[in-house]
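So you can see what is in the structure, the chains are spelled out below.
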Amino acid sequence: MMKNIKKNFLPKDFDIDSVLKNKKIKTGSFHPLTQLMNKTLNIFERLNFEVVEGPEAETEYYNFDALNFPVSHPARDAQDTFWIQSSQQSANHELQNKKEKLLLRTHTSPMQIKYMESHEPPFNIVVPGKCFRNERTDASHDMQFYQLEGLMIDKDISIANFKKVILEFFNALFGNENNDIKIRMRPSYFPFVEPGFEVDISCFCDKKNNCSICKGENWIEMMGAGIVHPQVLKNAGLVASEWQGFAFGMGLDRIAMIKYKIPDIRLLYSGDLRVIRQF
Amino acid sequence: MLFSYNWLKQYIEYKITPKELANILNMYLFEVEGIEEKNSDYIFNINILSNRADCLSHQGIAREINAILGFQGKIEKITPKKELKNEFTLKTKSGKSEIEIEKGAKCCSFSVISKVKINESPKWLKDYLLSLGQKSINNLVDLSNFVILDSGQPLHIFDFDKLKKGKSNKVKLFIREAKNKEKIKILGGKEYELNKNDLVVADLEGPVDIAGIKGGEEAAISQNTNHILILSANFDAKKIYNTSKKFNLVTDASIIFSHNISAGFSLLGLEQLVNLILKEVGGELEQVFFEEKNKDLLKYREHIIIRLNKISSILGKEINEETFNKAMYYLNIKTKKEKTGIFKVNPPFYREDLNIEEDIIEEVGRLYGYNNISLVTPKIFPKRAELNENLEWRSFISRFLLNQGFDEVYNYSLIEQIASYEIINPLSRKRRFLREDLIHGLIENTKFNQSYFDEFKIFEFGHIFKRESVLIEEEKIGALIFSKKEKITDLLLEIRGILDGLFEAMGFDNEDYVISHKDDILSIKVNEQEIGFLGAVSNQDNGLKKGNISFFEIDIAMLIKYIDYEREFEEPPKFPAIDRDISLFTYHGVKITNILSVIQEIGGKLVEDVNLFDVYQSPDSDKKSLAFHIIYRDKNKTLTDKEVNVLHNKIEKELKKRLKVEIR
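Chains as they are written, first to last, in the numbering used here: chain A, 205 to 483; chain B, 57 to 720.
Note that these hints are calculated values from the structure, not bench results. One or more of the hints may lead you astray.
[Unchecked claim] Listed below are the simulated DSSO-like cross-link pairs for lysine-lysine, each with C-alpha atoms no more than 27 Å apart in a straight line: (1) A:K334 to B:K237; (2) B:K382 to B:K137; (3) B:K439 to A:K359; (4) B:K162 to B:K239; (5) B:K294 to A:K230; (6) B:K237 to B:K301; (7) B:K439 to A:K438; (8) A:K368 to B:K435; (9) B:K435 to A:K305; (10) B:K252 to B:K239; (11) B:K439 to A:K368; (12) B:K301 to A:K305; (13) A:K386 to B:K373.
[As the list claims (entries may be wrong)] Beyond 12 Å from chain B on every Cβ pair, some chain A residues (computed): (14) K216; (15) I220; (16) V223; (17) D269; (18) E381; (19) S416; (20) I417.
[Said to hold, decoys possible] Here are a few chain A residues that face chain B, going by a calculated C-beta distance under 8 Å: (21) F234; (22) T238; (23) S290; (24) N338; (25) I361; (26) R388; (27) I480.
No residue lacks a Cβ here, since even glycine has one placed at the ideal position from N, Cα and C.
Using the sequences and the hints, build the whole thing.
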């Protein structure tokens, strides 16, 4: 067949060498965070999670109070949170209702409350989004970053269920036939969950001591999680004794850096096409 | 916080290597951030969780290690050392001094000792402090520092003779808010001006200590001191935190008080320090003061009701009574069985973090080990999760742009240029305002990338912030084309073409949107609603070295609102089309849209499509040359040349008449 085409259709003086000089159609590149986000959301959609999104500018109520942060929690401080000046505030600062103070959300967790306020359980949601922290920037910290929040509420969702769901997720994201991801959980504290823990996943390095990701520890810190605090359910208008479930949150920038071996988080927001076009 | 392995070992009746210790701390308590071998000791850097003020001390961590080892069966029975027993045995001894809490402290107690002999510290004390990076000063100061690190209770020692005496040679101290502009010089000589938000310990004359943070120089102990007053109190956490932050004055004491340490420790700390001083420094106990009722601070806390089935339900693992009781026993939590599966439990005084059933469940889960819980697949939900439409369209749009050669960028939401909303506490001048559009960011990207590329296309999805009566946040798609070669009009046409293509792909028809002038920018309207804008920037502006830019920005929510993606079958045309061109000159800024509407109006249903295929603007007059391609078709029959000619001529005539154009 190919022979026939050659004989019959190509011009006699056709120089086969000339196809080496092709006319490539240039397509663009997705930003690495979009690629990771798409992959991540895809996995959760297959696990029957609904993707919901929320605003980046939030009130103090949704970002802190409703999530059971004590009034004097250090996270509310200027050093961690960007507070937004609003005209009413500058005009009449003292009379401003404290709960209406505006800020740039420091995590995607406000959507837990907002979603629960308007939906009856059971539900499974994930919330991707841009978050902000007022901290000095360096190779692994920037003033903005992306987080993915998860929430699963029903009558009796347990830690055992969380482990199953999250292991499925990590295996879908990082695993392959040679690499079965393992997870481990360590106690931790976040005001909006109880119990609270951190989740580590096994490193991909095969216990090499010079591994730049796990530093020979063989474990990589991946997310904070826990069972939703009854006060949080109550604040969102649910009857706390009837519902139970887990929440988790993870930083996507760090995972992108690990997955794509990007050395400095700030490269993600540099707009440098020499970087973007590698993906 | 730093902990000494040798120090902790004193309280643990089990041989455990530093590595094993780090492992059990990590898995059952707190993260160990590092271990350093130093002076034949191992120094652990432990990240104490913010709700566990009871663990900001060696005794605190030792209590936890014993609980974990006990639960694991490695320690048979806890026979705690005296320090871990939380017993207060000091007796009141009356004396001449008194203290009054005006504000800002839950409790306080003190002791006066005379004839102390300040000297060098014993070796054991020096070694402990040295391995934790603290310099030895003298036996008195060192013991006070030791007690903070050991019991977690900060105390302060005053030189009694330097405190102001009142009537009948009595010392009176106050814990109170500072007066406005009141000054204090602290140890080391630095002076601070205080106000009513700061707490102080004052004598009859003025402040002698920034409460809970650092002592003043005036009544500080020196090598010649022989008469001391030891003060132990529990100060208001919020106040200590605020003052410490305001002055950027962080001490071991300020950290502990900021975390809201249990008030009971103030009694235990005083007893420990008094006994250690009498033993290691010597002296005579002159006075001990505490309020009898404060002994209640050491009692077990209010009971919490806990159900075994709730523990099992949250953990997803059956927990039996024996396991539960074992966890409670080793955590020093008292239990009383109410009925089958239901218990009343009382946490010890120092566990102020334990208040609800879930708090106790965490303790059980933590000691049991989260890693010992097996995986259980959740029950299938009765509801199918909805697809997020916004996300689907965003993905559609970005794939479309990607195929047109656009690269995706992410920019900062905070910018340098003045905008409606400002950050009260910005990190830098360059990141002070909330962005109001995406295009400025894309132009900045262009300035950066123009050094490396001659042409490129970029886009970004992102939120912007507008001021109306309240803050309005909207999601936009911004796209930009940059080229060093192309003319600005060509770039504008190209971006317009991309937008048309995108709109068509999303199910808009050409008729569905109009582009109209607004300042130097074209506004994009659908159903008379503005949904975005389109424009260009030439090389003279905006710091572009060479080259031009065209761009558009569209509101995602508005775009999705007007999408009509439902398609219906339409019979393909049965009859042929006939094409004609019109070339013309316009003057006095006649708009192309006006020409198009005349063609549509006169041509009616028989005009299937009109394309503008050539534009030439004379550089020195308002004369413009335009060429249109018109496709005529009748759905019901074959058009004849004659019929088309009549209609085409009529269109030309009307254009001349109405818009004063000149047909070429």
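Which earlier hints can't be squared with this structure? Numbers 1, 5, 9 - these are the hints that the structure violates, sorted from lowest upward.
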